[in-house]
Amino acid sequence: MKNKKILITGNEIVVKAALAAGAQAYFGYPITPATEIMTEWDKEYETRKKLIFLQTEDEMSAGFAMIGSILTGVKAFTATAGPGNILMQDAFAMAEAMRIPTVAIIGQRGGPSTGSVIYSQQEVTLTAFGGNGEGYRIVYSPSNIQDLYDQIIKAFNVAWKYRFPTFVLTDGYTLKTRALVELKKPKTLVKSYPLVLKSKIRNSSQESNYENLNNTFTTEEECFKVNTNLLTAFNKIKDKIAESESYSLNKQAKTLIIAHGIVASSVKQALNDSNSKKVKLFRPITIHPFPDQNLKKALLGIKKIIVIETAANQLLKLVKENIYGEKIPIETYCRPGLGISPEEIIELIK
Amino acid sequence: MPKKSLNKHNSNLAWPKCWKHSSKPHKFCPGCGHPIVLKMLGEIIDELKIQNNTLFGVDIGCSLLAWDFFNIDTVQTHHGRTVPVIVGAKKSRPDALCIAYVGDGGAYAIGAQHLVNSRIRNDNITTIVINNANYGMTGGQDAPTSIPGQITTTTINGADKFYMKGPEMVANISDIPAYVARGTVDNPIQLKMFLKKALEWQIQGKGFSFVEVLSFCPTNWKTDAKDTLAFLNKLKKIYPVGEINNI
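If you read the sequences in order, they're chains A and B. Per my numbering, the very first residue in the first sequence carries number 1; after that it's consecutive. Per my numbering, the very first residue in the second sequence carries number 1; after that it's consecutive.
No wet-lab data here; the hints were simulated from the structure. Treat the hints loosely; a few may be bogus.
What the hints assert, rightly or not - Okay, derived cross-link-like pairs now, DSS-like style, lysine-lysine, Cα gap no bigger than 25 Å in a straight line:
#, chain 1, residue 1, chain 2, residue 2
1, A, K200, B, K197
2, B, K206, A, K50
3, A, K198, B, K20
4, B, K20, A, K225
The following block holds chain A by itself, in its conformation from the complex (with noise of 0.2 Å):
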């Protein structure tokens, strides 16, 4: 049986996948060009009993609300964008120290500072490196409504299954865009469960039975032992979690665009119009953990790489890194707070 389509914005979309997800909770402060998910929310707010909201009094308020909720054992979301993106990384900070899964919906603008409040991809290391930690965070890059639809209701299953702070990472252009959505029915739903206030009837005398939560360690071993399993723990769900696309007209292309995001959709339009037989594109629809694996075998045969993204140099780092040793040249098409359109990616592959 077919879902029914239909014409909405980025925005709008955000809220009926979490809805669909099983999300009972926001806390947020409005920015463009996320604002109106909050707005969004507040409506089925409004009209439905067991829904949770709270407008903060700032973006931290907002993370370490969020944060409260979830120990609770409610599904609980948020979204940002740019600043409000710095501020909250506080609270995804604590979120990655104690796994506590968070959802964030990150609706990236012009940066630096207060930049554009329309959108860029400059968020890439902030969202997924933010802390002072490792970043152990799961990020995904839409690069379409349907895929914000279908990597939401993804992404709320990913945090409550492997206990990670997880972002959708998407754009102003994606945001307000208005285009159809097939509100596709999510096959599986992972059940939230609290972290603390896990029962009313405990055995007092039974110290076990108390959940005593902290992020300070007294010595380094303590500290280097949360580490090592953070890092194990991440390590493990690693390729679990991994996910890229490939798309060319003609498979032998010996020249990769590797982009992600809206980006991505830009050079498929633009592949599709010019007919090119040259180029093949690599999305990574995870920025992190980062496709390496599947990038290693796009990478067979192939004479050129381009990276293109609207940052300077976010994407490409997580690039060279993920495949160091290779000898293939990288050529860049980075425009930092500028969209890139298929015209333009057409003109460069010519």
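Position chain B relative to chain A; hints supplied.
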């Protein structure tokens, strides 16, 4: 460390039932006021029989040393962020007793915006602030509560004349009634009454409740027992003890 034997023979030395034994002796400095507050709090939690339905949030700063103090679900958060964590938890579990336990830096400096807005929203939580007039954990720096002339490691010639009256601010920034009080560790019986009233306020669903506690910090005040009490008395003159209700 004697445990049960003490409980049996001398009820005055009894530990609250909800205290966690394996984390004692506690991690606070000798002469610190925190354990007095935590003892009173523990006794109330025992009396109200809410040990199994309480979430206790502690900040960064000396309050974090209480992260494993109780057999009570506890979460240690980041500096100043305990109020929002507790707010988020309370929104999701309105039936649970949710307490934010923070220092004067966490409440009035780095987390001031959270305290102000939680009060304005009339969140149904209880915030307990330990006011020792300096930043204890980092070695005694100037706090919003440091009093005029106070020597700290960042006011080596004496603090300026400006200081923060937290409970008075909390009581007065909203017309909505809240339970607000200032207690002191040298009067634990009165302090216990204030804390109990604050928790009952939350249990009755009346909204925001707030207790500031004037507390000892001999390590950073660099005082002996006599001078510690003398400095606390000085604080009491600036920060009047009692209920500060607008109800």
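Hints, one by one, checked against the model:
Pair hint K200(A) plus K197(B) holds up; C-alpha atoms about 23 Å apart against a cutoff of 25 Å. A C-alpha spacing of about 21 Å is found between K206(B) and K50(A), which places the hinted pair at or below 25 Å, so the restraint holds. The suggested pairing of K198(A) with K20(B) holds, with an alpha-carbon distance near 18 Å, which does not exceed 25 Å. Between K20(B) and K225(A) the alpha-carbon distance is near 24 Å, which keeps this suggested pair within the 25 Å criterion.
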